[in-house]
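Make the full structure from the sequences, and use the hints.
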Amino acid sequence: MEFFERFAVPHPSPLIYASMVAIGLTVIAIMAGITYFKKWGYLWREWLTTVDHKKIGIMYIISALLMLFRGGADAVMMRLQTAVPENSFLDAQHYNEVFTTHGIVMIIFMAMAFIIGLMNFAVPLQIGARDVAFPRLNAISFWLYFAGAMLFNISFVIGGSPDAGWTNYYPLASNDFSTSVGVNYYNWALQISGIGTLMTGINFIVTILKMRAPGMKLMKMPMFTWSALITNIIIVFAFPVLTIALLMGTFDRQFATHFFTTGDGGMDMMWANLFWVWGHPEVYILILPAFGIYSEVISTFSRRNLYGYKSMVASMVIISLLSFFVWVHHFFTMGQDALTNSIFSVTTMAIAIPTGIKIFNWLLTMWKGKIEFTVPMLYSVAFIPLFTIGGVTGVMLGMASADYQYHNTMFLVAHFHNVIIPGVVFAMLAGLTYWWPKMFGFKLNERIGKWGFWNLTIGFCLAFFPMYITGLDGQARRMYTYSEATGFGPLNMLSFLGAGIMAIGFIFIVYNVYYSFRYAPRNVGDDPWNARSLEWATHNPVPEYNFAITPQVNSSQAFWDSKKHGHQLFNKDDLKEIHMPNNSGLPIIMAGLFFVFGFSFVFYIWPGVILSGIGILACMAYRSFEKDDGYHISIKEIKETEDKFGGAK
Amino acid sequence: MRELFPMKQVNGFIFSLLLTIIALSVYFMDMSFELGMTILLVTAFVQAAVQLVLFMHAGESEDKSSIYTTVFYGVVIALATVFGSLLAMIWGYL
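Protein chains in written order, with full-length UniProt numbering: chain A, 1 to 649; chain B, 1 to 94.
Okay, derived cross-link-like pairs now, DSSO-like style, lysine-lysine, Cα gap no bigger than 30 Å in a straight line:
| no. | chain 1 | residue 1 | chain 2 | residue 2 |
| --- | --- | --- | --- | --- |
| 1 | A | K55 | A | K576 |
| 2 | B | K64 | A | K220 |
| 3 | A | K220 | A | K563 |
| 4 | A | K627 | A | K55 |
| 5 | A | K210 | B | K64 |
| 6 | A | K55 | A | K563 |
| 7 | A | K310 | B | K64 |
| 8 | A | K450 | A | K370 |
| 9 | B | K64 | A | K217 |
| 10 | A | K563 | A | K636 |
| 11 | A | K627 | A | K576 |
| 12 | A | K576 | A | K564 |
Selected chain B positions facing chain A (in silico; Cβ < 8 Å):
| no. | residue |
| --- | --- |
| 13 | T81 |
| 14 | S85 |
| 15 | A88 |
| 16 | G92 |
Some chain A residues flagged as far from chain B (calculated, every beta-carbon gap over 10 Å):
| no. | residue |
| --- | --- |
| 17 | F3 |
| 18 | A29 |
| 19 | W40 |
| 20 | W166 |
| 21 | H407 |
| 22 | G474 |
| 23 | R477 |
| 24 | Y480 |
| 25 | Y515 |
| 26 | G566 |
| 27 | W606 |
| 28 | R623 |
| 29 | K636 |
Because the hints were derived from the structure by calculation, they are not lab data. Heads up, the beta-carbon is just placed ideally off N, CA and C, and yes, glycines get one too.
If you want it as structure tokens, here you go:
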């Protein structure tokens with residue numbers, strides 16, 4: 001019995017017991033459902049072992065939506081707790097756990113997964129490739145992310161959630177002040193999914209640099225592909241810092257080293273420093289692909305080519321470089337001198353310049369365009385003013401001396417939600433709606449989608465704009481309650497209402513998926529949006545080999561040229577046998593072992609660590625000696641498939 | 001014969017030996033800590049550059065501009081991170 005006591009939740013409440021039951025019932029229901037409908041074989045063959053970038057992308061997006069639900073539930077709980085003064089819905093400890101998991105789940109497991117999912121789906125199609133450069137590695141990336149996400153998500157029912165904030169500052173996160181295993185979960189879940197992200201970064205850089213269709217020079221790539229390239233370069237440079245910082249934190253907590261301790265030569269603020277050396281580039285890892293999606297959507301639905309292609313690329317390159325030079329602005333108040341703060345203040349404000357260039361480029365793309373207000377376009381149009389407000393408050397926070405006033409208040413919370421929600425979340429929803437026909441062969445219902453959009457946008461404004469005011473009035477972030485005399489009550493109630501409206505928006509979006517699956521017309525054709533870039537040149541949904549014939553490209557909008565200017569994309573004589581990679585069960589098995597490894601490490605179960613560690617090494621050894629040449633699709637099969645889709649293109 | 005003889009590599013090899021000897025002199029000769037560290041740092045970076053260019057053939061393939069761009073980008077970010085951390089963690093309190 002003593003062995004099992006460590007798994008007990010240190011600070012239980014009825015809510016947690018209810019979630020335990022709910023998780024148990026859901027798992028049983030899903031298992032029973034799959035068994036009843038005899039889908040295990042299908043699931044294993046078609047999804048769990050797939051190396052197809054399109055299916056991996058879709059699995060990323062499904063996971064991201066699940067995580068959006070989890071993080072959203074956390075958000076609503078926080079808003080409910082602070083809706084009225086002296087509320088007792090959550091106590092201080094639970095509130096700490098909820099805001100910590102909300103941050104990590106939303107950034108690492110929702111936003112990152114969503115952008116990597118969309119990159120997985122769209123980038124190979126946009127450059128005319130059959131798959132990513134290393135398909136098996138891609139599957140490992142996904143399953144490692146998934147293992148990390150699941151490890152993190154079981155923390156609140158087994159052993160206790162991390163509770164030191166998503167920034168996890170030391171000494172608060174050390175054993176002295178965070179006694180449960182929560183921070184161990186934080187370290188290992190991020191470590192495992194971080195390895196997956198780093199692999200994705202390498203994979204996509206190689207894919208984009210080496211596998212573009214003939215004629216597609218770097219400056220003729222679609223803008224989303226450009227943003228993906230730059231994002232992945234940032235990933236490769238930033239993520240190793242997180243890996244090492246997490247490892248140092250793990251050593252401090254689990255092996256009594258002194259990297260981040262206050263005594264014995266340790267330097268507690270070094271964690272904050274390293275965290276933000278990774279953390280600030282991470283912000284741009286999230287926002288740049290979003291910029292790419294907006295560029296695609298705005299140019300498609302304005303019926304104009306993207307204004308200022310070169311300046312778009314240049315500004316992204318400058319942003320990626322600057323993003324590594326600003327991290328100290330996350331701790332202006334730590335006590336360093338005015339010169340240091342001034343340097344980072346200037347670099348921070350400098351980022352507003354390339355970002356401003358992009359905003360003007362989007363506006364000028366729409367200028368005199370024939371704008372069509374579809375759901376993706378609505379998100380993009382709403383993004384521009386809302387993101388600009390977020391950017392302007394960011395410049396306010398970037399002024400080091402003024403930051404002493406806003407630091408650690410709700411003003412900051414309002415600011416970063418103001419850039420992340422209209423910036424990243426809107427972009428992801430726009431991208432999902434935009435590429436949905438490419439994924440599944442039908443459009444999402446526009447009417448329900450617009451309901452979702454308006455609820456999200458109005459809810460967003462109601463939820464976050466009041467925080468600017470309460471922040472300036474002095475409401476600190478991460479406080480689980482406040483007294484009535486502060487006068488924060490009414491504005492916080494407004495925030496709660498906004499959060500509720502956003503939740504309704506989310507329900508509309510989920511209902512839209514269900515509704516459209518059942519009722520949406522399936523005859524939308526291959527190019528339902530009258531789009532411009534290469535991914536629309538193939539069929540809906542995309543056949544497994546993407547393009548029967550490798551396309552010839554002459555500009556950044558080759559498909560548009562083929563429609564309007566008689567450019568010939570496909571040369572029929574080029575029809576050749578296609579070489580495809582084999583499916584493999586190894587990635588999911590390895591990720592399972594990584595999960596056991598992480599879980600055992602969290603609870604100091606050394607036999608589990610050793611056995612799963614040996615298992616992981618054995619998988620790698622097996623892979624080294626495995627002979628896997630892939631398979632070929634014959635010309636006859638390609639022709640049959642193409643005929644089924646309505647004739648070769 | 002002249003074309004076949006790898007003059008560049010032989011010279012590079014002699015040069016890298018020379019760099020090693022200079023670095024070793026820090027151990028064998030009596031000099032101040034600052035001077036020693038300076039010599040070590042300079043010779044280390046020059047050595048790394050020689051190895052990269054001459055023996056890892058960084059400049060000889062078609063994509064040499066992208067290799068140099070990546071190296072440059074990496075060096076810039078590494079230096080910024082190291083010196084920025086020093087600035088934020090130590091020098092900023094002087």
